[in-house]
Amino acid sequence: MTTRADILVLLFSFFLVVSLYPLLWQPHEAFADTAELSARSSKRLLALDQDGVYRIEGFLGETIVEVSEKKIRVLASPCSNKQCIRSGWLQKVGEFSACLPNGVSLFLLGDDRYDSINF
Amino acid sequence: MLSVSVTREDRLIAGFASLAILVHLIEAAFPSPLPGVKPGLANIITLIVFFRYGLRMAVWVSLLRVLVASLLLGSFLSPTFALSLAGAVAVIGILSLISAFPSRFGLSPLGVAVLCALSHTSAQFLLAYWLLVPHPGLLGLYPIFMTFALIFGFISGVISQKVYRQLGAA
Chain A
1 MTTRADILVL LFSFFLVVSL YPLLWQPHEA FADTAELSAR SSKRLLALDQ
51 DGVYRIEGFL GETIVEVSEK KIRVLASPCS NKQCIRSGWL QKVGEFSACL
101 PNGVSLFLLG DDRYDSINF
Chain B
1 MLSVSVTRED RLIAGFASLA ILVHLIEAAF PSPLPGVKPG LANIITLIVF
51 FRYGLRMAVW VSLLRVLVAS LLLGSFLSPT FALSLAGAVA VIGILSLISA
101 FPSRFGLSPL GVAVLCALSH TSAQFLLAYW LLVPHPGLLG LYPIFMTFAL
151 IFGFISGVIS QKVYRQLGAA
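Just so you know, the sequences run in chain order A and B.
Numbering of the first sequence is given in our numbering, commencing with residue 1 and proceeding in unit increments.
Numbering of the second sequence is given in our numbering, commencing with residue 1 and proceeding in unit increments.
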C-alpha cells in the first residue's frame, strides 16, 4: 500500500535531511560591529565601521589600538611581552585581546541579544 | 436541567484523544538520549484518525492530546507546552494541505507520517530558536534533530500504515 507518492516523499526527505548537514555545519562567522575597549576605570565602545587610531591610558602607560576595514588590533603597548599585539587583527564576535600588565582589554561585540532564558 | 447532546463523532474524538494521551504519557515516562528527541508515537493516532475520519477529527484529537497531556504532566503553558503546541499546529498545517488535494496527493500513512515528523520538528526548532535560545549555535543541532525526525517518522509511518490496513476505512 506504499504508493509512488510515498517513495517520492521519502527520497525528498532523505536528501533534505542529508543536505542540512553541509548547510548548517559550516563554521558560522559572525562579524563584530563594535569593540569594547576597557582600561582601569574607563571604558569606551568603538564602532568598527569607522577607521581610526585610539589611545587609552593603562597602569603602565598608553595602549594604542587601530580600527581598519572592520577589524581592530592593538598597535602599541607599554607592556613587556606584547601578547596583546600578537593577537593580531580581531573581527569576529567574541574575539578578544587583553594586556594584563597594562590592564587594558579589547572585546568584540555583535548583535546577539541574549543566549538563553532560564525558566 | 442542562443537557448536552453527544454525537457519535464526539465519542470517537474522546476515545481517540484519550488513546493518544495515553501514548503521549507513556512516552513521556521514557528517558531520552537527547533532550527533545522523542519517537512521537502519539502522532500515529492522529494519522489513523486523519485517514479514517478526515481532517476535522484529526485536529480535535491532536489539540486535545496536547492540552490534556500537558495538564497531566504539569507543563501547561510552560515552554514545553509551547513547543508541543507548535509541533501540533505544524502537523495540522501539513494535514490541511494534504487533505486539500484530491485523494490526499496519493500518499499513504507512511508518506504523511514522514512529512508530519519533519514539519513537527522544524516548527519546534523554529520556536525554540526564536523564543528560547536565539543563539546561532542551536542551528548546528537542527540536522541531528531532523535525522531523528526522519527515522522516527518512518517508524511511526510503518506502524500507522499497518494499523490502518488492519482497521480498514471507517
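These aren't lab readings, by the way, just hints derived from the structure by calculation.
Honestly, I wouldn't trust all of these hints.
To be verified - Ranges of calculated distance between the beta carbons of each label pair, as one might list FRET restraints:
| # | chain 1 | residue 1 | chain 2 | residue 2 | range |
| --- | --- | --- | --- | --- | --- |
| 1 | B | 134 | A | 101 | 29 to 39 Å |
| 2 | A | 43 | B | 135 | 17 to 27 Å |
| 3 | A | 53 | B | 33 | 47 to 57 Å |
| 4 | B | 138 | A | 60 | 15 to 25 Å |
| 5 | B | 32 | A | 42 | 48 to 58 Å |
Backbone N, C-alpha and C define an ideal beta-carbon position, used for all residues, glycine too.
Hint by hint, here is what the structure shows:
1. B:134 with A:101: 29 to 39 Å: holds, 38 Å
2. A:43 with B:135: 17 to 27 Å: holds, 25 Å
3. A:53 with B:33: 47 to 57 Å: 53 Å Cβ-Cβ, so the 47 to 57 Å window holds.
4. B:138 with A:60: 15 to 25 Å: violated, 42 Å
5. B:32 with A:42: 48 to 58 Å: For residue 32 of chain B and residue 42 of chain A the Cβ distance comes to about 50 Å; the hint holds.
In summary, the one numbered hint that this structure violates is 4.
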